[in-house]
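Note that the protein sequences, when read in sequence, are chains A and B. Position one of the first sequence corresponds to residue 2 (the numbering used here), numbered consecutively onward. Position one of the second sequence corresponds to residue 2 (the numbering used here), numbered consecutively onward.
Just so you know, these hints were derived from the structure itself, not from any lab. Worth double-checking, as some hints may not be accurate.
As the list claims (entries may be wrong) - Counterexamples of contact, computed for chain A against chain B with all Cβ distances above 10 Å:
1. 21
2. 113
3. 147
4. 150
5. 155
6. 173
7. 175
8. 179
9. 181
10. 213
As the list claims (entries may be wrong) - Straight-line distance between alpha carbons at most 16 Å, and here's what the computed EDC-like set of lysine to aspartate or glutamate pairs gives:
11. A:96 to A:220
12. A:187 to A:163
13. B:147 to A:18
14. B:133 to B:189
15. A:133 to A:109
16. A:164 to A:109
17. A:147 to B:18
18. A:96 to A:73
19. A:147 to B:12
Glycine included, each C-beta is placed from N, C-alpha and C at the ideal position.
2 protein chains.
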Amino acid sequence: MKKIDVCLSPDLIHLYDLSDKNVVVVDILRATSCMVAGLANGVRSITPFADLEACRTMKDLGYLIAGERGGEKVEGFDLGNSPLEYMAAKVKGQKVAVTTTNGTVAIDRSGKAVRVIIGAFLNISAVAEYLKQKKESAVIFCAGWKGTVNLEDSLYAGALVEKLQNDFANGSDAPLLVQSSWQHMKHDLAGFIKNSSHAKRLNRLDIHADIDFCMREDEFDVVPVLSGQELVVNNSQA
Amino acid sequence: MKKIDVCLSPDLIHLYDLSDKNVVVVDILRATSCMVAGLANGVRSITPFADLEACRTMKDLGYLIAGERGGEKVEGFDLGNSPLEYMAAKVKGQKVAVTTTNGTVAIDRSGKAVRVIIGAFLNISAVAEYLKQKKESAVIFCAGWKGTVNLEDSLYAGALVEKLQNDFANGSDAPLLVQSSWQHMKHDLAGFIKNSSHAKRLNRLDIHADIDFCMREDEFDVVPVLSGQELVVNNSQA
Numbered sequence: 002m003k004k005i006d007v008c009l010s011p012d013l014i015h016l017y018d019l020s021d022k023n024v025v026v027v028d029i030l031r032a033t034s035c036m037v038a039g040l041a042n043g044v045r046s047i048t049p050f051a052d053l054e055a056c057r058t059m060k061d062l063g064y065l066i067a068g069e070r071g072g073e074k075v076e077g078f079d080l081g082n083s084p085l086e087y088m089a090a091k092v093k094g095q096k097v098a099v100t101t102t103n104g105t106v107a108i109d110r111s112g113k114a115v116r117v118i119i120g121a122f123l124n125i126s127a128v129a130e131y132l133k134q135k136k137e138s139a140v141i142f143c144a145g146w147k148g149t150v151n152l153e154d155s156l157y158a159g160a161l162v163e164k165l166q167n168d169f170a171n172g173s174d175a176p177l178l179v180q181s182s183w184q185h186m187k188h189d190l191a192g193f194i195k196n197s198s199h200a201k202r203l204n205r206l207d208i209h210a211d212i213d214f215c216m217r218e219d220e221f222d223v224v225p226v227l228s229g230q231e232l233v234v235n236n237s238q239a
Numbered sequence: 002m003k004k005i006d007v008c009l010s011p012d013l014i015h016l017y018d019l020s021d022k023n024v025v026v027v028d029i030l031r032a033t034s035c036m037v038a039g040l041a042n043g044v045r046s047i048t049p050f051a052d053l054e055a056c057r058t059m060k061d062l063g064y065l066i067a068g069e070r071g072g073e074k075v076e077g078f079d080l081g082n083s084p085l086e087y088m089a090a091k092v093k094g095q096k097v098a099v100t101t102t103n104g105t106v107a108i109d110r111s112g113k114a115v116r117v118i119i120g121a122f123l124n125i126s127a128v129a130e131y132l133k134q135k136k137e138s139a140v141i142f143c144a145g146w147k148g149t150v151n152l153e154d155s156l157y158a159g160a161l162v163e164k165l166q167n168d169f170a171n172g173s174d175a176p177l178l179v180q181s182s183w184q185h186m187k188h189d190l191a192g193f194i195k196n197s198s199h200a201k202r203l204n205r206l207d208i209h210a211d212i213d214f215c216m217r218e219d220e221f222d223v224v225p226v227l228s229g230q231e232l233v234v235n236n237s238q239a
């Protein structure tokens, strides 16, 4: 049986052999929610950069540049890290280069995987169906916060594990841990997320609408996959 | 308010500043359960070694040597890693040198803490009371399994966070995660633990009695603390 595993932090990814697995990168607040929202709304491609200055140079190549550090938009960049920005008319049909505090680091560390898939609550059922159709085992890779575990990515992992439980066996205890957390919290998700460290940070930046949006399930049915250096919508069933 | 935090793996401990905190090291199956059981039953001291060969040399100094790798007793050692062995008559009054796969590694990485305390379900309330009496913030340090998260250490962390919730604020999302898991699983702990990876490993070694014993709460009221290189029972209220 295929296996599902969960990596709770980029600082633990060295413990996982990704070479024969699909990886779902998740950074709910807000990098991967932005990517899903953007690609579902006509963004042509999204190229992630772990390094901010490398991202900045893409402006000269005609890209819109998107950047966030510590939850705030980078000076001189076209876009910050709000999924609502990624759905604006000016972004449609454009190529976007993006760098964020946690999400793009996790994508960068997923390089050896068979496929790198972008997950968010916004497309959770589409990602679950995609993984079920593939023959490989999978790792859900939580971007966390500067190496530490965070609640919203862990809960997403628990929700996705729950959707996969008839098709995948658990690869370690981490799926059990996050799934039990999800089962405990799912009935009052908004309440628990308000107590999370990340939501408190974002509250300081007045981004309640973003949090509400990022916690919505199945707004979109796109499955962004990494193709070369670019994230694009999976159309090919590749 | 004092803070409580949870480190889910030795590979994440670099993210925590331990220099002004008490650390509770936990390796439920079975290193810290052995330490608590032994010290509660008259073992004079327990000296942890991360390195197996360094531990072996202590035999010449009159210590009983205890060693486990991958769940099995090390060839030529006096004791393995069963809490029941640590309660035998021959161990009473003796000094023990011990090395294990995960638990002694975590103790080794706690060196900078104000105090290093040994936690297990066997002494959970005693540890909670001890932490409440101290002025420092605390980190619960789960030994895990070769770097990965494990269920029984995470659940212990959740149970201890729950006991501390009126006296400590959460230092990150990790306490929220493990506490919710504990709340979901505590009503059928034996059932969930049977599904954990570590219990499955131990099942192969036929050690059901150890698992049952290690999951008992408050069998003992000792609080082992590291004093120099030795774990001893806290008598001094230091």
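Status of the hints after comparison with the structure:
{"no.": "1", "hint": "21", "result": "holds (18 Å)"}
{"no.": "2", "hint": "113", "result": "holds (18 Å)"}
{"no.": "3", "hint": "147", "result": "violated (8 Å)"}
{"no.": "4", "hint": "150", "result": "violated (5 Å)"}
{"no.": "5", "hint": "155", "result": "violated (5 Å)"}
{"no.": "6", "hint": "173", "result": "violated (5 Å)"}
{"no.": "7", "hint": "175", "result": "violated (5 Å)"}
{"no.": "8", "hint": "179", "result": "violated (8 Å)"}
{"no.": "9", "hint": "181", "result": "violated (4 Å)"}
{"no.": "10", "hint": "213", "result": "holds (19 Å)"}
{"no.": "11", "hint": "A:96 to A:220", "result": "violated (22 Å)"}
{"no.": "12", "hint": "A:187 to A:163", "result": "holds (12 Å)"}
{"no.": "13", "hint": "B:147 to A:18", "result": "holds (14 Å)"}
{"no.": "14", "hint": "B:133 to B:189", "result": "violated (28 Å)"}
{"no.": "15", "hint": "A:133 to A:109", "result": "violated (24 Å)"}
{"no.": "16", "hint": "A:164 to A:109", "result": "violated (26 Å)"}
{"no.": "17", "hint": "A:147 to B:18", "result": "holds (14 Å)"}
{"no.": "18", "hint": "A:96 to A:73", "result": "violated (21 Å)"}
{"no.": "19", "hint": "A:147 to B:12", "result": "holds (14 Å)"}
In terms of the numbered hints stated before, the structure departs from hints 3, 4, 5, 6, 7, 8, 9, 11, 14, 15, 16 and 18, listed from lowest to highest.
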